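Undergrad: These are the residues of each chain, in order.
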Amino acid sequence: MTAARTRGVVTDVQRFSVHDGPGIRTTVFLKGCNLRCVWCHNPETIPLGPQLAFIAANCVSCGDCVAACRNGAIGWSGPRGGAWGGGSRPGEDGCVPRAGRDGRDGRDAALESRETPVTDFSRCRACFDCVDACVAGARVVIGRTVEPAALAAEVLVDKPYYGDDGGVTFSGGEPLLQKDFIAAVAELCRAEGVGCAVETALCFPWTAIEDVLRRLEPVMFDIKALDSDLHKRLTGRPNRAILANARRLAEAKRQVIVRTPVIPGLNDSEIPAIAEFVASLGNALYYELLPYNPFAEEKFARLGKPFALNGLQPPSRVRMRALVDQAARSGVKVKQMED
Amino acid sequence: MIPETLSSVAAQSAAPVGPAPERRPVSARPDATGSAAGDPYRPQYQRLRAAKVRETRAKTALYGHADEDDYNTHIPPAPYRWVNQANHPDGLFYGFDACAENFYRFCDTMPPYVDKDSALAGGMYFFLGRLRTGRADDFSWNPEYPFTALLPQLRKYCSIDGIGAPNHMCVDFRIGLELGWGGLLDKIRRHAAADHLDDEQRAFYRAEELVVRGIQQWMRHTITEIDRLIAAEEDAATRANLVDMRECNARLVEGAPHTLRDACQFMAWFAIASRSYNRDGAGGQLDELLRPYYESDVAEGRVTDDAARYFIASLLAADTRYYQIGGPGPDGRDLTSRVSFLVLEACDALDVSCNITIRVHDGLDPELFDYGVECLVRRRNGWPRFSGDKALTEGFMRAGYPAELARRRIAVGCNWMALPGREYCINDCVKINLAKCFEIAFDEMMAAAGPRSTERLFELFGAHVRDAVAAVADGIDFHLLHQKHNLPEILLNLMCHGAIESGRDVSDGGVEFYNIGVDGAGNAVVADSLGALQERVEEQGRLTFEQVHAAVRSDFAGPSGERARLLLSRSSRYGSGNSAADRWAPRVTEVFVDAVRAKPTPVKGARLIPGLFSWSLTLAMGRDVGATPNGRHAGAPINHGANPLPGFRADGAATALSSAVASVQCGYGNTAPLQLELDPSITSIKDGAKRVGQLIRAHFELGGTLVNINIVDADKIRQAHADPALFPDLVVRVTGFTAYFSSLSPEFRQLVVDRLLTQ
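Heads up: the protein sequence lines correspond to chains A and B, in order. Sequential numbering from 2 applies to the first sequence in my numbering. Sequential numbering from 182 applies to the second sequence in my numbering.
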């Protein structure tokens with residue numbers, strides 16, 4: 002395997018993570034996913050490559066991005082112009098904006114103008130010139146390409162905090178889409194005495210992931226529905242491989258943590274059956290219920306994508322408690338995030 | 182020159198060096214409602230706590246907000262009028278005789294305070310220093326000793342000079358516990374009778390005698406009040422407590438303490454008196470101070486653990502003094518004893534603001550550490566905090582002292598350490614505004630025709646830091662020469678090794694060691710500014726030095742200024758991890774440390790010890806500094822302590838913060854504290870307390886010195902900020918001290934909120 006082929010694309014590195022496996026951990030979010038969950042709360046991790054996001058709250062309507070875009074992907078919401086005159090680039094014209102000529106602050110004028118740059122993401126060619134031009138942090142690149150050694154160095158910074166049970170967790174997206182990369186990083190971490198875990202959907206042929214999974218412990222995986230047809234409707238893929246892989250991990254007596262995101266009205270009726278399945282495996286440290294995270298809407302907006310579940314509220318505490326009780330009847334240890 | 186020989190270290194050793202203290206099984210600990218099941222003192226704890234919350238609310242209504250420790254002062258029963266017995270035309274009093282005479286009169290006229298729910302008598306209403314000046318600021322100075330010649334340099338750098346700073350050192354309570362007030366009087370009179378005393382020494386002894394007599398007088402008035410309460414009391418248990426309280430106080434007017442209750446009562450009286458004089462708040466190694474009395478009481482069958490806990494809780498309720506528990510003794514062995522646990526249990530039972538520090542070292546009893554972390558996580562009141570023995574001891578040794586002495590230098594202040602009874606340090610009172618030094622350096626570089634680069638800027642910054650340190654060194658000399666003529670330490674002298682013996686004030690050669698703390702403040706502003714210039718000007722070429730300078734000079738006015746501000750403020754920050762600013766931050770520390778350690782003060786030869794700490798002066802020191810190249814607006818606050826600025830990293834990771842602060846330690850035994858704000862969700866995960874403990878221990882392994890942690894719910898703090906009355910009992914660790922959130926000013930609450938919610 003050449004170094005070039007093992008480079009990875011990482012969305013984010015979150016230090017002092019205490020919800021992604023045992024102990025104090027660093028969670029590495031990798032890009033790329035082979036499922037299309039309708040509730041996805043990390044839509045920025047779906048495409049494998051780096052992509053553009055637009056954070057409207059940071060935008061000061063300076064217009065630099067409009068001028069920078071060579072693909073015609075960024076335009077104005079209103080009459081062409083913008084608070085700073087649009088099209089100006091740092092240093093070109095002394096950055097004297099239209100608003101500045103009457104002494105007003107750029108932000109105020111932008112608000113008054115009610116003009117904002119709008120992005121046609123279908124025309125974006127991911128050159129990221131607009132990101133370089135943006136002074137306000139409104140245009141950002143999601144995903145950076147990194148060598149295994151560089152990522153290992155980054156996560157090993159927190160080695161003093163990991164203790165005997167913490168370490169690194171690869172998450173996503175679907176981290177096993179970059180299995181060679183995470184295998185390389187895990188190996189570098191192992192050499193430093195730091196263990197790596199993984200959060201995966203296990204939606205692969207066993208032979209494709211068998212080798213990399215040996216390097217990762219615990220294996221945290223989702224079962225989003227036990228009914229395969231429902232699973233396909235919710236995620237785009239059936240769950241046969243997932244359940245088969247779960248059984249193989251059980252046969253190998255691997256430490257696993259099984260999770261289900263609880264999406265009201267979509268999969269919450271599946272919880273007792275999933276719990277029975279988890280209990281039958283016999284190797285789960287625990288089964289964890291994750292209440293639906295409603296903050297994905299904003300993330301979809303940043304990527305210029307529609308979100309199918311707008312307005313859906315997370316399950317109530319009472320409902321979550323009831324589901325935990327139902328699941329516990331299977332005999333498996335059940336946890337609820339934030340419990 | 183002030184003597185700094187180490188030859189007498191062993192001779193003056195006051196800590197018992199012998200068999201390791203006995204530990205006994207931990208009794209039932211207080212539960213979430215504030216008291217151990219079956220603890221007979223549970224009602225007293227609940228009433229003490231309720232009274233404290235009630236009184237805090239009433240004080241805020243009466244006196245307004247206070248951006249400082251609560252001190253457990255009380256509202257006087259009737260209007261109290263104080264008139265200075267002045268010895269100066271300005272209407273104030275200065276020097277030994279006048280300060281002691283006024284203090285005696287203060288004691289003699291103070292309304293007695295007795296809380297029937299406490300085991301101990303006495304309480305504070307006022308600070309004499311503030312009554313004297315009529316201001317909240319009690320750092321006054323005798324105008325007969327002007328320092329106008331020093332002012333230009335001090336003002337140029339907006340330094341906190343410490344001239345006139347009171348206390349901020351630590352007494353050795355053992356001196357008083359051994360002698361009692363009567364014994365102290367005898368000691369004073371014996372030394373005052375020596376031949377060949379000069380006028381100043383005679384004035385010193387007159388003052389010290391008057392101080393002790395004043396405290397005794399205050400105690401007598403209080404005993405009279407206890408008698409009145411006994412006569413009126415119908416509840417048998419309360420009456421019995423008052424009778425015991427009276428007997429204890431009657432014994433202690435002259436005699437030395439013999440029991441644990443005596444010891445706590447004696448310490449309470451000194452704490453009240455000394456705090457009343459000039460807000461002195463340093464305590465000591467509380468478990469070791471009380472251990473002999475506890476063990477003796479247990480051996481004699483005089484005390485139960487419930488009663489011992491109640492006595493200690495009563496002491497903690499009397500004054501919010503800073504105490505250390507656990508940690509190594511002089512020989513390195515762990516000092517943890519049953520009393521260490523009782524102290525924590527007392528805090529747990531009271532559940533008010535407490536300033537208890539656990540000293541973490543390799544040999545620390547893990548059960549004490551775990552219990553401390555559990556209290557922090559469960560109570561969420563910002564206590565205890567934790568100090569790191571390794572870095573502190575090694576640092577003080579680097580300053581030239583032996584390990585045995587370094588281990589005795591304990592956490593007794595807001596952010597600081599001191600040798601009890603042996604070191605004059607005015608820690609936390611002298612501060613170099615590093616951000617101001619940077620601002621001046623930047624202006625100087627841009628005014629010159631010479632090269633413009635971050636390296637050149639850093640060079641100039643270093644030169645101005647050295648000038649600023651030189652200016653405060655002159656100020657420190659001036660303070661050491663004349664503080665005795667201003668506000669002598671007539672209370673602290675009583676319990677220091679050498680002051681009474683020599684007839685010299687502790688500020689004037691009365692103790693053995695003079696290690697003046699000089700803190701840097703605003704290090705993150707400087708590191709981030711250098712990092713931003715390096716990235717945006719030197720590496721990316723998106724701005725020029727001229728553009729940045731024009732922008733900061735105009736406070737980022739106009740669209741071009743705003744554009745520059747946005748670019749600069751989005752540069753990577755100190756704390757983000759392996760950024761340009763992260764690489765500048767240790768260099769900023771290094772140049773500051775080199776400046777402070779370069780030489781002792783020129784006249785008195787006092788050693789200077791560097792630390793990084795802003796205290797609650799983040800607002801005031803920020804107001805003195807114009808806009809800076811990190812995108813900070815003119816007058817905006819500087820960073821808190823050694824912490825990165827809020828927003829330093831998107832995930833605000835505690836480990837990133839911890840590593841950053843560990844990387845900027847000054848390394849000479851004073852602190853660069855880590856102020857950590859954790860979301861309460863940490864308490865909801867499995868082993869949440871264990872994770873917090875891991876974080877603390879790792880910080881110390883990386884070289885950290887002191888950890889203050891708040892575990893605060895973001896919604897709760899927002900609501901409390903909008904309407905403080907909603908949560909009158911919400912306690913936060915503001916900086917080194919804990920305080921009721923509701924008692925803080927809106928401006929200061931905002932600062933705490935910003936820090937809490939953006940970390």
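Some clues are possibly wrong.
The list that follows gives simulated cross-link-like pairs (lysine to any residue, SDA-like), each with its CA atoms no further than 25 Å apart [unchecked claim]: (1) B/Lys240 with B/Ala903; (2) B/Lys871 with A/Ala274; (3) B/Lys337 with B/Leu662; (4) A/Lys233 with A/Ala274; (5) B/Lys897 with A/Leu291; (6) A/Lys254 with A/Asn311; (7) A/Lys160 with B/Lys785; (8) B/Lys871 with A/Val195; (9) B/Lys785 with B/Gly679; (10) A/Lys336 with B/Ile863; (11) A/Lys334 with B/Ile863; (12) B/Lys897 with A/Pro315; (13) B/Lys867 with A/Lys233.
These are computed hints drawn from the structure, not numbers from a lab. Here the structure is a predicted model, which is why all the values come from computation and not from measurement.
Undergrad: If you test the structure against every hint from before, which numbers come out violated?
TA: 2, 6, 7 and 13
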